[in-house]
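Can you make the complete structure from the sequences, with help from the hints?
Now for the letters of each chain:
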Amino acid sequence: MPTLRSVYKDNKKVLHMSSVPRAPASRPPRPKYVDINLLHLPPAGLMSIFHRVTGVVMFGLLIPTVLCVLQGTLGSEAGFMRWKGYFAEPMVKLIVIGFIWAYMHHFFAGIRYLLLDVHVGIAKEPATLSARLVMIGGVVAAILIGARIW
Amino acid sequence: MVKKADRTPVGAGYGWQDWLAQRITAIIMLLFSVVFLGFFIVKGSVSYGEWKQLFSNQAMRILTLMFFVAVFYHAWIGIRDVLMDYIKPAGIRLALEVGVIVFLVGCTIWSGAILWGS
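Here the protein sequences come in this chain order: B and F. Position one of the first sequence corresponds to residue 1 (the working numbering), numbered consecutively onward. Position one of the second sequence corresponds to residue 151 (the working numbering), numbered consecutively onward.
Simulated from the structure, these hints should not be mistaken for laboratory data. Treat the hints with caution; some may be incorrect.
Derived list of chain B stretches under chain F, where covered just means 3 residues or more per stretch with a C-beta under 8 Å from a C-beta of chain F [as the list claims (entries may be wrong)]:
#, region
1, 53–61
2, 67–73
3, 76–84
4, 111–120
All C-beta atoms, glycine included, are put in the ideal place defined by N, C-alpha and C.
As structure tokens, then:
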């Protein structure tokens, strides 16, 4: 007949962590699934990733472009006229409109974040609505300003 | 009763500074953008003389440089956040961050040279 002490020890052994089966130390890496379909994102997520992408694009392309244009146009009248000629090209205008969209999207998304910081539209429904408005606003602003410069 | 943790919460402590700087620079850019872009959207086109005269104004040069510095500092915080999210190896991340800083410091000096040099 087992003693009380041995029952206790056996139970303890069963419950002890060391008896729980553990994964081997070197297990194969878990599969990683990345959902790259942006349309699966909710509006706020879509707006957010565009905020990030437009920021990176403006950092890498718009900053040096603006400085080049400023240098060229302020440098001499010939430089000013040369840039004016470039901006008359339809391809260049399309690129400019692309930059305008990036700027305006980033601009509106930033205003949305500033409002969220002061708890304006922080609830789920208004935040989703404002995310939609940011995305629509960026496109509408790009179309309006694009029409103005065309 | 909940006892307050007997330890000092520690951290780098600069996260809130960057958060605040990102917003202050955003507001500087917002104001400059609205006035500057608004002026040109309304005006339509500008002659070389008007353009040159605008940037020969000392106040305009200072405001423009402030705008550029706000852009570059804002870009630094944003790009650093992006690098922290996607670039995990410390060495590569550090190299990219140094590259970004060098580029943006260079852009700052270049902006000053353009505004006061031409």
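So, going through the hints one by one against the coordinates:
{"no.": "1", "hint": "53–61", "result": "holds (count 4)"}
{"no.": "2", "hint": "67–73", "result": "holds (count 4)"}
{"no.": "3", "hint": "76–84", "result": "holds (count 3)"}
{"no.": "4", "hint": "111–120", "result": "holds (count 3)"}
When each numbered hint is compared with the structure, no violation occurs for any of them.
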